[in-house]
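Student: Sequence:
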Amino acid sequence: MSTIVIGAGPAGLAAARTLGREGEDVVVLEAQPHVGGRTRSVRDRLRHGQPADLGASFIDIGQDKLLQYCAALGVDLTPQVALFPTDPDGRLTAASPLRVTLVVDGKRLDDAERDWLADEVRSALEATPPERTEPIPAWAARAGLSPRTRRMFCWQTGYNPVHEASQVPMAMLEPPHVGRVCWMMADGTDALARAMAAGVDVRLEQPVRAVRRRRGHLVVETDTDRFTADDVVVATPVTPSLAIGFDPVLPAWKVDALLATPMTQGGKVIGQYADGAALVERLGLSTMSDGPISLAWARPVGPEDTVVVLGLLADRGDGVLRDEARCLRALDELLGAATGLPVQRLAGLVQDWTREPYAGGVVSTLMGDFPRLPSLLAQGVGPIHFAGEHTAEMWQTSMDGALRSGERAAAEVLHRRHLRRPIATLTS
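In this note's numbering, the protein residues as written are 30 to 457.
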């Protein structure tokens with residue numbers, strides 16, 4: 030074979046499809062028993078086969094590559110939603126997420142108090158413009174936010190999820206780049222990966238342990254097989270990439286770049302509830318809280334008036350994420366407080382990405398030395414190329430960025446083949 034791709038997430042599948050259309054003999058090696066990586070959905074834990082998105086959920090306006098793939102492959106989207114409302118002047122700012130339903134100390138704030146908090150942040154943004162590299166709590170202190178407003182403003186970092194706000198620069202919040210116009214995939218987020226995998230030679234349950242450079246070729250070793258290829262595309266997350274044995278060892282600059290890119294630690298709690306239409310009407314766009322679940326939102330109402338509600342949890346070291354019953358109870362309590370309605374959970378599950386050995390966390394945290402760091406993460410080492418959301422030139426940490434990185438890595442492989450004809454990137 031000419032190219033081996035390690036990882037069958039969006040980045041790896043984009044690389045494989047692009048290479049395959051150019052005549053490359055491509056094999057994708059995937060450690061898990063399924064494709065999709067951190068875009069995985071399950072359909073056997075909720076009633077009526079409704080999908081539970083364990084990882085990525087949203088497509089944001091401007092993520093044109095992701096939208097193009099969905100359109101080309103017939104992946105249906107949900108109706109357009111706004112995860113966060115705009116400020117009264119129509120702008121989306123770092124204050125806007127505070128205008129959703131807020132639950133503080135287990136109680137829903139009334140609209141006037143909620144808007145007061147958001148207005149305080151908006152005024153502070155204008156009076157004390159943040160520096161891009163300024164940690165979020167440092168700016169909140171410098172801007173003189175009141176204690177309660179500061180607390181809720183800093184709690185936004187749980188969306189990523191990062192449990193320490195001091196680890197996140199203001200550039201991640203201001204200006205906002207997500208939440209104004211969004212879609213979800215109607216049949217679950219992994220609908221795209223499953224469509225992309227059609228016609229691709231994907232070998233499941235083949236965790237790659239070593240990549241060895243030999244004269245004129247590469248040898249890729251899994252637990253059960255050895256493969257040879259001219260090029261390898263490493264499309265695994267940061268942490269699993271560091272666990273692959275490279276012979277010879279990757280250069281220090283490459284290893285240092287990977288080591289300088291930690292992954293956020295946390296997961297998702299997903300509940301399916303009765304009386305879905307009433308809950309969604311009361312919930313609004315989304316709800317933010319100062320409890321273990323930082324942000325929660327609902328998918329469209331499904332069969333028999335059921336609704337799937339998803340919540341994000343940072344791993345705060347308090348054991349909540351390891352306790353499914355406790356997580357689901359927290360989601361019940363949040364939904365009840367946010368809506369003021371009794372809730373009847375029909376089913377539920379928890380996904381802890383921290384404990385997934387082939388994920389290593391939720392997404393990369395490109396905090397230091399930006400944008401130099403992503404360029405180092407993306408740079409190949411001879412016939413070994415790198416893709417993934419952490420290597421993207423734009424829309425880093427997103428599905429869109431992952432797709433772009435896969436196409437870029439494929440172009441690098443083809444360049445080594447001295448191909449000069451245009452490269453097809455979607456369905457031609």
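Hints listed in this document are in silico derivations from the structure and should not be mistaken for laboratory results.
Where a beta carbon is used, it is the ideal one built from N, C-alpha and C, also for glycine.
There could be a bad hint or two in this list.
Unchecked claim - Pairwise CB distance ranges (calculated):
no.: 1; residue 1: Ala100; residue 2: Ala170; range: 39 to 49 Å
no.: 2; residue 1: Glu422; residue 2: Ala354; range: 20 to 30 Å
no.: 3; residue 1: Glu422; residue 2: Arg255; range: 18 to 28 Å
no.: 4; residue 1: Pro117; residue 2: Gly365; range: 38 to 48 Å
no.: 5; residue 1: Val284; residue 2: His206; range: 28 to 38 Å
Claimed, not checked - Here are the simulated SDA-like pairs of lysine to any residue, each with C-alpha atoms no more than 25 Å apart in a straight line:
no.: 6; residue 1: Lys283; residue 2: Leu247
no.: 7; residue 1: Lys136; residue 2: Lys283
no.: 8; residue 1: Lys283; residue 2: Thr383
Student: Evaluate each hint against the coordinates.
Tutor: Okay, the hints, checked on the actual structure:
{"no.": "1", "hint": "Ala100 x Ala170: 39 to 49 Å", "result": "holds, 45 Å"}
{"no.": "2", "hint": "Glu422 x Ala354: 20 to 30 Å", "result": "violated, 43 Å"}
{"no.": "3", "hint": "Glu422 x Arg255: 18 to 28 Å", "result": "violated, 34 Å"}
{"no.": "4", "hint": "Pro117 x Gly365: 38 to 48 Å", "result": "violated, 29 Å"}
{"no.": "5", "hint": "Val284 x His206: 28 to 38 Å", "result": "holds, 29 Å"}
{"no.": "6", "hint": "Lys283 x Leu247", "result": "holds, 19 Å"}
{"no.": "7", "hint": "Lys136 x Lys283", "result": "violated, 48 Å"}
{"no.": "8", "hint": "Lys283 x Thr383", "result": "holds, 23 Å"}
Hints 2, 3, 4, 7 from the earlier list are contradicted by this structure; the remaining hints agree with it.
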